[in-house]
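**Q** Chains E and P, in that order, give the protein sequences.
Under the numbering used here, the letters of the first sequence match residues 1 to 103, in that order.
Under the numbering used here, the letters of the second sequence match residues 1 to 103, in that order.
Note that these hints are calculated values from the structure, not bench results.
Careful: at least some of the hints might be erroneous.
Any copy, or any two copies together, can satisfy a pair, since identical chains are not distinguished.
Claimed, not checked - Calculated cross-link-like contacts (lysine-lysine; reagent style DSSO-like; alpha-carbon spacing at most 27 Å):
1. 89 x 37
2. 66 x 86
3. 81 x 68
4. 36 x 89
5. 94 x 36
6. 39 x 89
7. 39 x 94
8. 81 x 102
9. 78 x 103
10. 78 x 102
11. 37 x 68
12. 102 x 66
13. 78 x 39
14. 86 x 102
15. 102 x 89
16. 94 x 37
17. 68 x 94
18. 66 x 94
19. 103 x 81
20. 18 x 103
21. 36 x 81
Number of protein chains: 2
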Amino acid sequence: MKNNFTPYYAVIFTSILKEEINGYSEMGDRMMELAKKQKGFLGVESAREDVGITVSYWNSLADIDKWKQNSEHALAQKMGKEVWYKSFKIRIAKVEIEYEFKK
Amino acid sequence: MKNNFTPYYAVIFTSILKEEINGYSEMGDRMMELAKKQKGFLGVESAREDVGITVSYWNSLADIDKWKQNSEHALAQKMGKEVWYKSFKIRIAKVEIEYEFKK
Chain E
1 MKNNFTPYYA VIFTSILKEE INGYSEMGDR MMELAKKQKG FLGVESARED VGITVSYWNS
61 LADIDKWKQN SEHALAQKMG KEVWYKSFKI RIAKVEIEYE FKK
Chain P
1 MKNNFTPYYA VIFTSILKEE INGYSEMGDR MMELAKKQKG FLGVESARED VGITVSYWNS
61 LADIDKWKQN SEHALAQKMG KEVWYKSFKI RIAKVEIEYE FKK
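Turn these sequences into a full structure, and let the hints steer you where they fit.
**A** Structural data, given as structure tokens:
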């Protein structure tokens with residue numbers, strides 16, 4: 001992810017999947033591809049063990065809202081609720097401070 | 001994690017480990033145990049694939065700062081920089097909105 005100037009916004013998405021997740025991985029890849037093209041998108045980081053954590057970074061709350069309303073994304077959200085997720089939590093947070101360490 | 005009232009704070013810690021990580025897992029467990037006892041600690045979620053993501057949640061910036069200064073934690077941070085991490089990034093963010101879905 002490129003360097004950004006604070007403040008910017010983070011969407012912290014944490015989720016627990018069901019056992020059967022046919023089509024989930026493909027949809028995830030497609031959403032990544034699509035998110036990267038959105039206005040105000042700054043980057044994304046993702047990992048899953050017991051819990052899945054995806055944090056995406058955005059210029060503004062308006063950009064996040066627009067991405068939420070995107071029609072293909074809206075369909076993915078609907079599928080997520082109906083098919084793949086046991087539970088999830090979304091937190092929208094304003095990044096105020098950042099600090100980086102590189103060897 | 002129990003329900004919290006916004007706003008509260010998230011520390012988004014993303015990291016890339018080196019190949020050799022002797023002692024890392026034990027230190028991680030100890031830091032989890034210790035963090036949970038700190039004033040203002042609300043919860044933590046963690047997953048690692050290519051990147052490790054740990055998000056901890058706190059009542060206030062003052063609580064986060066106090067945890068940062070904790071002497072045992074300070075030693076772990078020093079070890080992290082010198083021994084285990086190739087790189088890491090810390091973002092401190094104010095959680096303004098949260099939304100939960102449960103089946």
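**Q** Does each hint hold? Answer for all of them.
**A** Structure-based check of each hint:
1. Taking the closest pair of Cα atoms, residue 89 and residue 37 come within 27 Å of each other both inside a single copy (24 Å) and across two copies (24 Å).
2. When the C-alpha separation of residue 66 and residue 86 is checked against a cutoff of 27 Å, the pair qualifies only within one copy, where the shortest distance is 25 Å, while the shortest distance between copies is 35 Å.
3. Taking the shortest Cα distances, residue 81 and residue 68 sit within 27 Å of each other inside one copy (14 Å), while across copies they are farther apart (37 Å).
4. Taking the shortest alpha-carbon separations for residue 36 and residue 89, both the intra-copy value of 21 Å and the inter-copy value of 21 Å come in at or below 27 Å.
5. In this homomeric assembly, residue 94 and residue 36 come within 27 Å of each other (Cα to Cα) both inside a single copy, at 20 Å, and across copies, at 24 Å.
6. Taking identical chains as interchangeable, the C-alpha atoms of residue 39 and residue 89 lie at most 27 Å apart whether they share a chain (24 Å) or sit on different chains (24 Å).
7. For the identical chains of this complex, residue 39 and residue 94 are neighbours both inside a copy (18 Å) and across copies (22 Å), given an alpha-carbon limit of 27 Å.
8. For a Cα distance limit of 27 Å, the shortest separation of residue 81 from residue 102 across copies, 9 Å, qualifies, whereas the shortest one inside one copy, 38 Å, does not.
9. Within a single copy, residue 78 and residue 103 get their C-alpha atoms only as close as 42 Å, which misses the 27 Å cut-off; across copies the closest is 13 Å, which meets it.
10. Proximity of residue 78 and residue 102 under a CA criterion of 27 Å is satisfied inter-copy only: 13 Å between copies versus 39 Å inside one chain copy.
11. Taking CA atoms no more than 27 Å apart as the test, residue 37 paired with residue 68 passes inside one copy only; the shortest distance there is 14 Å, against 36 Å between copies.
12. Taking the closest pair of Cα atoms, residue 102 and residue 66 come within 27 Å of each other only across two copies (24 Å); inside a single copy the shortest separation is 34 Å, beyond that limit.
13. For the homomeric pair residue 78 and residue 39, the shortest alpha-carbon distance inside one copy (22 Å) is at most 27 Å, but the shortest distance between copies (38 Å) is not.
14. Proximity of residue 86 to residue 102 under the C-alpha cut-off of 27 Å is restricted to the inter-copy arrangement: shortest distance 6 Å between copies versus 37 Å within a copy.
15. For the homomeric pair residue 102 and residue 89, the shortest alpha-carbon distance between copies (9 Å) is at most 27 Å, but the shortest distance inside one copy (31 Å) is not.
16. In the homo-oligomer, the alpha carbons of residue 94 and residue 37 lie at most 27 Å apart both inside one protomer (21 Å) and across protomers (26 Å), since each shortest distance falls under that limit.
17. Within a single copy, residue 68 and residue 94 get their C-alpha atoms as close as 17 Å, and across copies as close as 20 Å, so both meet the 27 Å cut-off.
18. Taking identical chains as interchangeable, the C-alpha atoms of residue 66 and residue 94 lie at most 27 Å apart whether they share a chain (17 Å) or sit on different chains (21 Å).
19. Proximity of residue 103 to residue 81 under the C-alpha cut-off of 27 Å is restricted to the inter-copy arrangement: shortest distance 8 Å between copies versus 41 Å within a copy.
20. In this assembly of identical chains, residue 18 and residue 103 lie within 27 Å of each other by CA distance solely across copies; the values are 10 Å between and 39 Å within a copy.
21. Taking the closest pair of Cα atoms, residue 36 and residue 81 come within 27 Å of each other only inside a single copy of the chain (23 Å); across copies the shortest separation is 31 Å, beyond that limit.
Checked against the numbered hints given earlier, the structure satisfies every one of them.
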